[in-house]
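Novice: Here is what each chain is made of, one letter per residue.
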Amino acid sequence: MLKYVLQRVLFMFIALFLVSLFTFFLINSVPGGPFENPAIRPEVRLAMERRFHLDQPLIVQFGHFLRSIVTFDFGISLIVQPSRDITDILTERFPITIVLNLLSNFIIVPLGFFLGSLAALKRNRIPDHAVSALVVVFISVPSFVLASLMQYFLAFRLGLFPMIFSTSQNWDWDRLHSMILPILALSFGGIAFITRFLRGELIETLNSDYMLLAKTKGLRTHQAVFRHALRNSLIPIMGMLVGIFVTILSGSVVVEEIFAIPGMGRIMINALLSHDYPLIMATTVMYTFIALVARLLIDLSYSIVDPRIVIGGGRSAARS
Amino acid sequence: MSDNILQVKNLSVEFKTFTGTVKAVRDVSFDLARGETLAIVGESGSGKSVTSKAIMGILQQNATISQGQISYSDMDLTKIKQKQFSEIRGSRMAMVFQDPLSALNPVMKIGKQITESLVLSGKISRKDAPAKAMELMKAVAIPEPEKRYNQYPFQFSGGMRQRIVIACALAGDPELLICDEPTTALDVSVQSQILELIRDLQKERNLSVIFITHDMGVVAGIANRMAVMYAGKIVEIGNVDEVFYNPQHPYTWNLLAAMPDMETEQDEKLLSIPGTPPNMLHPPVGDAFAARNKFALNIDNRVEPPMFKISDTHYAATWLLHPDAPKVEMPDVLKKRLERQKAKGAYGNGK
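Protein sequence lines correspond, in order, to chains A and B. Note that the numbering used here has the first sequence beginning at 4, numbered continuously upward. Note that the numbering used here has the second sequence beginning at 57, numbered continuously upward.
Calculated from the structure, these hints are not laboratory results. There could be a bad hint or two in this list.
Claimed, not checked - SDA-like mimics (lysine to any residue), calculated; alpha carbons at most 20 Å apart, straight line: (1) B:Lys72 / B:Ile114; (2) B:Lys188 / B:Lys203; (3) B:Lys135 / A:Pro310; (4) B:Lys137 / B:Ser122; (5) B:Lys165 / A:Arg128; (6) B:Lys165 / A:Ile312; (7) A:Lys6 / A:Ile307; (8) B:Lys139 / B:Leu157; (9) B:Lys137 / A:Gln226; (10) B:Lys165 / B:Ser177; (11) B:Lys179 / A:Pro310; (12) B:Lys72 / A:Arg128.
To be verified - Residues on chain B that point at chain A, a partial pick, calculated with CB under 10 Å: (13) Ile144; (14) Ala150; (15) Ser173; (16) Tyr205; (17) Gln207; (18) Val221; (19) Ala225; (20) His338; (21) Gly342.
Every residue gets a Cβ at the ideal spot worked out from N, C-alpha and C, and that includes glycine.
Next up, chain A with everything else stripped away, as it sits in the complex:
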């Protein structure tokens, strides 16, 4: 087990290294650079490029980047928020995105499970059809359309919510209140995804022999569903949670734009558009790292949910 975790951590860093390598060379192969602006005088530009090692060969630049990761000093932003410490930008922006993400996961998981179970249990009856219709809408209508609709009807016409993200600097009610609509907008896709998937899984496990045995043993329907069917349906869904988590983390760009949320999304887009290399690299590394850690945690927890999966492939669980 420990050996396996260590192995996985090692692979994680290799993956992280490869992702940074590819990103680094990709963004550098895009024509243009951070200081290619006619308003910047050539000698200033040269000085700037020398200051940020942009005049050196790529491989040397990559070396500088690697050193910055190891020392956790990502340097300063070049264009997006000039001269500002990147660590500073991240610590300011990232919590907002993460809270948005976590809160929408708190909506996605229970609601997805509820709707998915409802559809599976009432299969081919009215609740199932209603849920299916909802799923189709949630999956096919982009989140920004739903976000705009909610903004118009719920915030503008009915005034139930603020139009845009609160400018309050603290985590107070104003801020949370203004986060409700973006959180909802971010959740629809995930809800639909989980609902659809769980419905399929659950229908399969509901028709399994062990459900019949559970019933003939004398369990009530709801006991059999909760104790036997749901747990077995959970196994394939766990893997998908990472995907949803990461998608929301990075996919909130448009929604953040609509509600004027100072989160990571806007920073990332601006960094990419303006060739703000240090900022791009810092955010890429961070997102990759989060995705890899999430993946590792889910993989490790598989063995808790499903005893047939033995972490590290030890011999202890061989058929006896």
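Starting from the known structure of chain A, arrange chain B on it as the hints suggest.
Specialist: Structure of chain B alone, referenced to chain A:
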């Protein structure tokens, strides 16, 4: 048969499908005495499993009991509510399934699965559950129950899993046990162990057993009475030696003649039944077996034969038993074989 614990009367079960209504069980009646083992035999799709599922109240959603009643200790099981049914299931009747590999929850510990329903219904405390589970595991001859208690199904062989399924079934101390082809998925040597186990448990606990199988050889070793099903109907029912030594329905003849025995010569051809079972979307008019029966009479194609009485316990549904019917003898192969076996007493001495 005064001490009947179960009485099935004119039971019909239908499945609604996209292509129409499948009449899986048609007008089936039988009763089951306390401590008796009734075997139901028949080929795939003859309605034997559906009958047992109807008794346990675990028919699929698209199935309906279109007529008949299942009387079980003053209750009609076709009428009671699911909640009431879940109190009977497990504690008074239980079931063993065909495929032990998929009948256990793969992610729950064995010991917990055995006593789960007892704990949930509050019959025993969580603290006493392990002892009870181990006691049951001993009863079904699982070695090292203390070690096995904490294992998962994937760590058990097929035969062991079937023993566990039987232990689950016995947990609530039922009086009626339905075994739906419990040995079909197991290999032959394990089959006989499981049969022996079921037979021993039946004697020890005076269980009433409905044993569903398509293996005639199994029937002889385990049952007192047997019913032969074809196309959703019981075509012959009687004590095991009556049906084996004095079969009356042409379908039973065919089934018996299709089975080899120890005396069967290597070059001897076994009888096979021509044709295929009827499509139960549109059951044929008259006797459903007529099309495959070389002894079929004209009337077989028009009117369904009623049950004719052969003895107090032995009935068969074939027009050949009508007083006006021409005398027909069973196939020679079968006749010779039955005489041979009668002399040796090969059948019906299982109990």
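Novice: Is Lys135 (chain B) within 20 Å of Pro310 (chain A), Cα to Cα?
Specialist: The given pair, whose Cα atoms are some 41 Å apart, is violated under the 20 Å limit.
Novice: Does Ile144 (chain B) pass the interface check with chain A, least Cβ-Cβ distance below 10 Å?
Specialist: Holds, because the Cβ-Cβ distance from Ile144 (chain B) to chain A comes to roughly 8 Å (cut-off 10 Å).
Novice: For Lys137 (chain B) and Ser122 (chain B), compute the direct alpha-carbon distance and say whether it is at most 20 Å.
Specialist: At roughly 17 Å apart (the allowed maximum being 20 Å), Ser122 (chain B) and Lys137 (chain B) satisfy the hint.
Novice: Quick one, is the Ala150 (chain B) hint okay against chain A at 10 Å, beta carbons?
Specialist: holds (6 Å)
Novice: Need the status of pair Lys137 (chain B), Gln226 (chain A): alpha-carbon distance at most 20 Å?
Specialist: Satisfied, since the Cα-Cα distance of roughly 16 Å is no more than 20 Å.
Novice: Given Gln207 (chain B) as an interface hint, is the shortest Cβ-Cβ distance to chain A below 10 Å?
Specialist: Result: holds, 8 Å to nearest chain A Cβ.
Novice: Does Lys165 (chain B) pair with Arg128 (chain A) here, judged by a C-alpha cut-off of 20 Å?
Specialist: violated (34 Å)
Novice: How about Ala225 (chain B): closest beta carbon in chain A under 10 Å, or not?
Specialist: holds (7 Å)
Novice: Please verify whether Lys139 (chain B) and Leu157 (chain B) have alpha carbons no more than 20 Å apart.
Specialist: Not satisfied, since the Cα-Cα distance of roughly 28 Å exceeds 20 Å.
Novice: Hey, Lys72 (chain B) versus Ile114 (chain B), does the alpha-carbon distance stay inside 20 Å?
Specialist: Distance of about 16 Å is within 20 Å: holds.
Novice: Can the hint on Val221 (chain B) be confirmed by a CB-to-CB distance to chain A that is less than 10 Å?
Specialist: Interface hint status for Val221 (chain B): holds (7 Å vs cutoff 10 Å).
Novice: Given the hint that Lys188 (chain B) pairs with Lys203 (chain B), does the C-alpha gap stay at or below 20 Å?
Specialist: Roughly 15 Å between the alpha carbons, so the hint for Lys188 (chain B) and Lys203 (chain B) holds.
Hints 3, 5, 8, 11, 16, 20 and 21, counting from the list given before, are not met by this structure.
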